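Participant: Starting from the given sequences, assemble the full structure and let the hints guide the process.
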Amino acid sequence: MGLRFDDKTSHLLRPQHPTDFLYRVIRAENPDLVVFTGDNIYGKDTTDPVKSMNMAFDPVVALKLPFAAVLGNHDQESSLSREDVMRHITTMPYSLSRLNPDDGSEIDGYGNYNIEISGPEGSPLVNKSVLNLYFLDSGDYSTVQSINGYSWIKLSQQVWFQKTSSQLQLHIILHFFFVPMLL
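For the sequence shown, the residue numbers in the UniProt record's numbering are 1 to 183.
It is worth saying that the hints were derived from the structure and are not from the lab.
A portion of the hints provided could be inaccurate.
Stated by the list, open to error - With a Cα cut of at most 30 Å, we get these calculated DSSO-like pairs of lysine-lysine:
id, residue 1, residue 2
1, K128, K64
2, K163, K128
3, K51, K64
Only a predicted model underlies this, so the values are computations on that prediction, with no experimental measurement involved.
Facilitator: This is the structure:
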């Protein structure tokens, strides 16, 4: 079972005890994987983004749970770039997150990767991929002068996804990203 946290649950996180809610939910649900789908920290409000990220992810690290993350549009609004934020997340204990694909693909953003999930121990599917999770960086703000607002998943990311998914030929797929795709 998986569990997902995003900025829509942040109103449940009280400033005086920001991780208490995460601990309670994780213990109640007992997930196999936790996914953080962006705005993991609000960069404008932190003077030490590394410390803030460590605190945000502390519940999964302390409970020794594997987790994956993508960036939102505010994670980098501190002294760290989007690349640096994602790079830090990839080095955390129990993180399955990756900076980008290992296949040398030219791809926009940081935190574009996939995770193949195998069948459970003791089943005939134990060494077979039964689910593929895709994580895409939907960016922060538009860099196109005529388009105001937030960014989006770019063509290079869509090409990488199509290539990767066709090679794996898995039909059960979940996508995780912050800003919805424009098609």
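Participant: If a hint holds in the structure, say so; if it does not, say that too.
Facilitator: The hints, checked one at a time:
no. : hint         : result
1   : K128 to K64  : holds, 24 Å
2   : K163 to K128 : holds, 20 Å
3   : K51 to K64   : holds, 19 Å
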